[in-house]
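Under my numbering, the first residue of the sequence shown is numbered 1, with each subsequent residue one higher.
Treat the hints with caution; some may be incorrect.
Calculated pairs, EDC-like style, for lysine to aspartate or glutamate (alpha carbon to alpha carbon, straight line, at most 16 Å) [unchecked claim]:
(1) Lys50 <-> Glu95
(2) Lys63 <-> Asp14
(3) Lys47 <-> Glu59
(4) Lys47 <-> Asp14
If you are wondering where the hints come from, they were derived from the structure by calculation, not from laboratory data.
Keep in mind the model is a prediction, meaning the values are calculated, not measured.
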Amino acid sequence: MADSLSRCFSALADPTRRAIIGQLVDGPATVGEIVARHDMSQPAISKHLKVLEAAGLIERTQKGQTRPCSLRPEGMQLVAAWVGAYRGFWGGSFERIEALVEAVRRGEVGQE
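Given only the sequences and the hints, what does the whole structure look like? Please build it.
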C-alpha cells in the first residue's frame, strides 16, 4: 500500500496532473481533448498521462482509433482513505483553534 500511495501522491504533486484529474472528473476524455485544455504539446501531456496511469489514478482504453482516458476510482479511494484517517485530528485541531479565537474575542485570553 505504501508504494501505491507514494506513487499517487507523487503523481498528484504536479499541478498539470491535478488539472488533468479535474478534467476527467467530468468524464472520459481523449488525449486530444486533454491537450486542447492545456498549453502543452501532445508528447508532454502523454508523459503526464503515463505518470497518472502508473500511479493507478487513470486508465486508458482503446476505442477504435482513440484512447480515451478516465479516472480509476480505486486510485482516488486509496488517497481518500489515507486522508480520511487524519480527518479526526484536523477536525479536532480546527475546533481547538476556533475555541481559542473565541476566548481571545471575549477577552479571556491574551490580556496579561
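| request: Kindly indicate which numbered hints from before are broken by the structure, ordering the numbers from low to high. | output: Violated: hints 1, 2.
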